[in-house]
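Asker: The lines below spell out each chain.
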Amino acid sequence: MRINERTGTRITVQDGRADEIYGSKVFGAGIRVLIDGMWGFASTNILERDELLSCLREAASMARAAKARALEKGEVAEVSAFRGRTRTEIQRDPRDISVEEKVKAVFELEKAARTLDSRVVNTVVGYGESISKETVANTYGVYVEDETLRTLVSSFVAAKEGEVRQTAMEIRGGLKGYELLERLEPEGFSVQAARKALDLLKAERAPAGRFPVVFSPAVTGLFTHEAIGHNAEADAVWSGSSILEGKIGQQIAAETISIFDDATIEGAYGSYAHDSEGTLGQKKPLVKDGVLQGFMHSLETARKFGATPNGSARADGHQSRPIVRMSNTYIAPGEWSFDEIIRETREGILLKGGYWGYVFVERGQFTCNAEEAWMIKNGELREHLRNVSVSGLTLEALKDVDAISKDFELKLPGMCGKGGQGMYVDGGGPYLRVKQLVVGGQR
Amino acid sequence: MVDLLSLAKAACEAAVREGVDQAEGYAQESKRIDVDVEKSMIKFCNVVRDQGLSVRAFKDGGRGFAYTMKLSLEEAVETAKRAAALAKVAHKDPDFRTLPTPRLGQRVEGLFDRRLAELSVDQAVEWAVEGIDTARAAAKEAVVQGGSGFSVDDAALASSLGVEVEESATSVGVGVFSIIKRGDDVGSYSEFDSARRLEDFQPEPVGRIASEQALRFLGAKRLPTETMPVVFGPLAANGLLYALCGAANAESVQRNRSFLTGWRGRQVASELVTIVDNGVYPAGLASGRYDGEGVPRGETLVVDRGFLKTYLHNSYTANKAGELNTGHAARGGYRGGVGIGPTNLRPRLGDWTSEEIIRETREGLYVSMAGLSPNQATGDISGSVDFGFKIEHGEIAYPVKNAMVGVNIIELLKGIDAVSKDYREEPGLIMPTFRAQNVRVAGGA
Numbered sequence: 001m002r003i004n005e006r007t008g009t010r011i012t013v014q015d016g017r018a019d020e021i022y023g024s025k026v027f028g029a030g031i032r033v034l035i036d037g038m039w040g041f042a043s044t045n046i047l048e049r050d051e052l053l054s055c056l057r058e059a060a061s062m063a064r065a066a067k068a069r070a071l072e073k074g075e076v077a078e079v080s081a082f083r084g085r086t087r088t089e090i091q092r093d094p095r096d097i098s099v100e101e102k103v104k105a106v107f108e109l110e111k112a113a114r115t116l117d118s119r120v121v122n123t124v125v126g127y128g129e130s131i132s133k134e135t136v137a138n139t140y141g142v143y144v145e146d147e148t149l150r151t152l153v154s155s156f157v158a159a160k161e162g163e164v165r166q167t168a169m170e171i172r173g174g175l176k177g178y179e180l181l182e183r184l185e186p187e188g189f190s191v192q193a194a195r196k197a198l199d200l201l202k203a204e205r206a207p208a209g210r211f212p213v214v215f216s217p218a219v220t221g222l223f224t225h226e227a228i229g230h231n232a233e234a235d236a237v238w239s240g241s242s243i244l245e246g247k248i249g250q251q252i253a254a255e256t257i258s259i260f261d262d263a264t265i266e267g268a269y270g271s272y273a274h275d276s277e278g279t280l281g282q283k284k285p286l287v288k289d290g291v292l293q294g295f296m297h298s299l300e301t302a303r304k305f306g307a308t309p310n311g312s313a314r315a316d317g318h319q320s321r322p323i324v325r326m327s328n329t330y331i332a333p334g335e336w337s338f339d340e341i342i343r344e345t346r347e348g349i350l351l352k353g354g355y356w357g358y359v360f361v362e363r364g365q366f367t368c369n370a371e372e373a374w375m376i377k378n379g380e381l382r383e384h385l386r387n388v389s390v391s392g393l394t395l396e397a398l399k400d401v402d403a404i405s406k407d408f409e410l411k412l413p414g415m416c417g418k419g420g421q422g423m424y425v426d427g428g429g430p431y432l433r434v435k436q437l438v439v440g441g442q443r
Numbered sequence: 444m445v446d447l448l449s450l451a452k453a454a455c456e457a458a459v460r461e462g463v464d465q466a467e468g469y470a471q472e473s474k475r476i477d478v479d480v481e482k483s484m485i486k487f488c489n490v491v492r493d494q495g496l497s498v499r500a501f502k503d504g505g506r507g508f509a510y511t512m513k514l515s516l517e518e519a520v521e522t523a524k525r526a527a528a529l530a531k532v533a534h535k536d537p538d539f540r541t542l543p544t545p546r547l548g549q550r551v552e553g554l555f556d557r558r559l560a561e562l563s564v565d566q567a568v569e570w571a572v573e574g575i576d577t578a579r580a581a582a583k584e585a586v587v588q589g590g591s592g593f594s595v596d597d598a599a600l601a602s603s604l605g606v607e608v609e610e611s612a613t614s615v616g617v618g619v620f621s622i623i624k625r626g627d628d629v630g631s632y633s634e635f636d637s638a639r640r641l642e643d644f645q646p647e648p649v650g651r652i653a654s655e656q657a658l659r660f661l662g663a664k665r666l667p668t669e670t671m672p673v674v675f676g677p678l679a680a681n682g683l684l685y686a687l688c689g690a691a692n693a694e695s696v697q698r699n700r701s702f703l704t705g706w707r708g709r710q711v712a713s714e715l716v717t718i719v720d721n722g723v724y725p726a727g728l729a730s731g732r733y734d735g736e737g738v739p740r741g742e743t744l745v746v747d748r749g750f751l752k753t754y755l756h757n758s759y760t761a762n763k764a765g766e767l768n769t770g771h772a773a774r775g776g777y778r779g780g781v782g783i784g785p786t787n788l789r790p791r792l793g794d795w796t797s798e799e800i801i802r803e804t805r806e807g808l809y810v811s812m813a814g815l816s817p818n819q820a821t822g823d824i825s826g827s828v829d830f831g832f833k834i835e836h837g838e839i840a841y842p843v844k845n846a847m848v849g850v851n852i853i854e855l856l857k858g859i860d861a862v863s864k865d866y867r868e869e870p871g872l873i874m875p876t877f878r879a880q881n882v883r884v885a886g887g888a
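Residue numbers (the working numbering), protein chains in the order written: chain G, 1 to 443; chain E, 444 to 888.
Source of the hints: derived by calculation from the structure; they are not laboratory data. Since the model is a prediction, treat every value here as computed from it, not as a measurement. Note that beta-carbon positions come from the ideal geometry of N, C-alpha and C, so glycine has one too. Certain hints may be false.
As the list claims (entries may be wrong) - Derived DEER-like restraints, expressed as beta-carbon distance ranges:
| hint | chain 1 | residue 1 | chain 2 | residue 2 | range |
| --- | --- | --- | --- | --- | --- |
| 1 | G | Ala60 | E | Gly741 | 45 to 55 Å |
| 2 | E | Thr541 | G | Glu182 | 29 to 39 Å |
| 3 | G | Lys133 | E | Asn881 | 51 to 61 Å |
| 4 | E | Gly775 | G | Lys288 | 35 to 45 Å |
| 5 | E | Leu661 | G | Arg443 | 26 to 36 Å |
| 6 | E | His836 | G | Trp356 | 35 to 45 Å |
| 7 | E | Gly741 | G | Gly188 | 40 to 50 Å |
| 8 | G | Glu182 | E | Gln645 | 52 to 62 Å |
| 9 | G | Arg443 | E | Glu835 | 53 to 63 Å |
| 10 | G | Trp356 | E | Asp628 | 48 to 58 Å |
| 11 | G | Trp356 | E | Lys535 | 46 to 56 Å |
| 12 | E | Gln549 | G | Arg443 | 46 to 56 Å |
| 13 | E | Thr544 | G | Lys133 | 49 to 59 Å |
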């Protein structure tokens with residue numbers, strides 16, 4: 001059983017006005033039962049004893065409705081009784097700051113972008129804080145209470161010149177308090193988004209075809225998340241959807257590649273103390289020196305794979321059941337410098353800024369969309385290119401990685417969608433080069 | 444049972460007592476039952492009951508929004524106070540004129556089905572089992588994921604200007620994702636059906652279609668990079684039209700961030716393209732008597748023979764522009780704010796059959812599903828062909844993998860030279876096939 005409570009404030013300053021301020025308050029309970037191998041789940045927003053008992057009965061009736069169909073019985077790894085209580089360590093609690101002060105800080109960031117250049121036509125800076133309390137209890141005697149505080153600040157800028165319009169974004173997020181907003185300087189944030197949008201006004205359309213592609217840390221994060229991360233979620237492997245099924249111990253990537261999903265990175269947006277089953281969040285090696293090491297697990301998939309639960313079952317609230325999710329997913333740094341990678345690329349494309357991506361795990365076909373790009377010719381960065389996507393097949397692309405830089409950044413704070421649930425994640429890594437990917441350009 | 448309208452009205456009154464100029468309360472109760480299928484078996488049965496109330500409060504145009512998940516008079520008043528306090532901190536917005544005044548909408552049939560509302564989880568289990576069984580009957584090695592479910596939703600909206608609206612709605616759906624593996628070769632396909640009432644719901648063929656299509660995707664090959672005609676099947680074509688109408692969002696246009704800013708009255712598609720947005724189609728998936736602000740929905744001609752006729756408005760954007768409110772306020776339940784969105788799109792049909800379109804396309808690409816969402820500022824599409832086939836000598840030749848489409852959506856739509864008369868239909872929506880010339884297709888061959 002989980003009891004969730006989440007309060008949030010969101011402030012949007014757009015074109016010089018804080019025109020909407022949003023306050024949310026979510027609470028309720030989700031109860032999951034396993035009866036004769038079949039799962040049932042029910043949730044309620046009414047936190048009263050009678051209602052919770054009724055919710056429990058409803059969850060049981062759900063399981064009983066289909067238990068005759070449990071062809072392969074649901075089961076969970078046995079865990080020891082455990083009590084845990086954590087709270088995100090922050091420097092300034094946003095609850096101690098007035099809404100007026102927050103509006104003022106957001107306004108200053110927005111104003112700097114808006115007034116940079118007359119070609120800036122739309123500026124939106126958003127601030128969101130979320131204080132989430134999750135209590136997890138189960139019949140093994142696990143009882144965990146976590147209070148998690150997340151802050152996200154985003155800056156969106158549209159610029160226009162003649163008929164050409166371009167947009168750019170900057171996002172910062174983490175398990176942080178008000179200090180995240182307080183320390184943001186316009187120059188490295190909202191003004192940076194505005195400069196990117198202005199620069200993109202002169203950018204050209206990307207070419208179409210197969211090219212060597214260099215990823216920036218944000219795009220490396222997107223690639224790692226889509227191409228590997230979703231395939232290494234053990235529920236996808238168990239259900240027969242993942243291309244990684246049966247490949248533990250096999251070489252699935254270049255020997256220079258090591259990949260981790262790490263819920264313990266201090267202050268990172270995808271970090272957490274315990275998952276929604278009460279298991280400690282952990283650092284999970286997924287790939288080491290190109291060899292597949294293991295998967296992300298819930299209590300159920302750990303049992304089915306004979307693995308140790310590694311704290312990867314997360315639910316986006318009391319109305320959802322925990323499913324296997326990523327946290328902060330990244331590729332470890334390598335030996336090259338960024339300059340060397342570019343210098344050693346005769347013709348290719350550098351992608352920066354991860355926008356969105358998705359994957360068909362069963363076929364391993366992924367797509368990553370980048371905010372901007374550059375042509376690389378004869379070892380130099382040349383034409384600036386507009387927003388473009390690349391696509392590839394996971395197992396080919398992982399083996400085709402032939403250069404990894406020493407840099408490392410987590411640069412992708414945001415939400416990942418799976419099974420109708422949105423979850424806080426981050427991703428990143430170094431710059432890396434893939435020998436060949438398909439680029440969906442227009443010329 | 445809680446009287447949702449009374450609570451919404453009480454919330455408005457409380458907000459106005461707090462000194463705001465106008466207020467709107469929205470209360471909602473829903474119940475959703477669904478069954479999850481994984482690895483060709485039923486894995487989970489879920490029931491989610493949800494309830495809540497939100498308040499939008501306006502002070503000198505500044506908006507405060509708050510919601511609660513508890514339906515009681517005390518909590519409604521408390522939520523109204525929070526929204527009012529936030530509205531007072533928000534900046535003044537001279538572009539805000541007023542919330543809508545009450546108007547009577549036409550009755551829309553078929554949005555609520557009592558039989559559906561009274562179903563138990565057993566029925567959802569039966570649909571899920573049928574999906575598994577029919578998918579595996581069509582291909583015995585198919586691994587099936589997906590599920591089935593239904594929901595009942597009651598909502599009430601009230602404003603300080605006298606709007607009082609109550610609506611009840613039902614919906615039902617089933618989805619089957621069939622995966623067929625033969626060695627390293629994988630074919631997969633996702634099929635679905637959804638409806639507002641049982642009489643429009645046809646779950647029977649869903650599993651069979653998913654597996655038959657998945658089989659067709661075995662043996663996929665890479666394409667060379669070329670410019671070629673592309674035939675967009677019903678779902679892909681529908682996605683493009685939704686993307687176009689989504690960009691006609693007057694808020695994005697007024698904020699100068701939509702690629703359709705400045706395009707009203709101009710040609711955005713071939714003359715073969717006419718799109719009607721019908722928010723009152725009987726039993727339509729996106730139908731309603733009123734929009735998210737209580738304004739009567741209706742029929743809107745968005746594109747007429749290729750020319751963009753209107754932007755889609757809610758009350759804020761319509762008042763700001765001094766134009767007629769088209770009734771496209773979209774509300775994402777009690778937890779969501781109010782935005783703008785298209786409803787049921789009904790494009791005008793053409794003269795060709797979809798078979799004729801393929802036959803007359805000597806060399807090209809057929810796209811069943813693809814990630815065709817354009818960049819909202821530029822209209823540029825750079826997306827993967829998720830399920831597609833190479834067309835050779837006027838016939839479907841083989842499935843493709845790792846192919847992409849790169850094109851500006853307006854250039855693509857202007858290049859349409861054939862629209863089919865046959866179409867896929869989901870309640871309220873019709874989805875013909877169309878063909879566009881000169882699309883850049885990137886492949887890995």
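Asker: For each hint, tell me whether it holds in the structure or not.
Answerer: For each hint, the structure was consulted:
no. : hint                              : result
1   : G:Ala60 <-> E:Gly741: 45 to 55 Å  : holds (47 Å)
2   : E:Thr541 <-> G:Glu182: 29 to 39 Å : holds (37 Å)
3   : G:Lys133 <-> E:Asn881: 51 to 61 Å : holds (56 Å)
4   : E:Gly775 <-> G:Lys288: 35 to 45 Å : holds (43 Å)
5   : E:Leu661 <-> G:Arg443: 26 to 36 Å : holds (33 Å)
6   : E:His836 <-> G:Trp356: 35 to 45 Å : holds (37 Å)
7   : E:Gly741 <-> G:Gly188: 40 to 50 Å : holds (48 Å)
8   : G:Glu182 <-> E:Gln645: 52 to 62 Å : holds (56 Å)
9   : G:Arg443 <-> E:Glu835: 53 to 63 Å : violated (25 Å)
10  : G:Trp356 <-> E:Asp628: 48 to 58 Å : violated (28 Å)
11  : G:Trp356 <-> E:Lys535: 46 to 56 Å : violated (35 Å)
12  : E:Gln549 <-> G:Arg443: 46 to 56 Å : holds (49 Å)
13  : E:Thr544 <-> G:Lys133: 49 to 59 Å : violated (42 Å)
Hints 9, 10, 11 and 13 from the earlier list are contradicted by this structure; the remaining hints agree with it.
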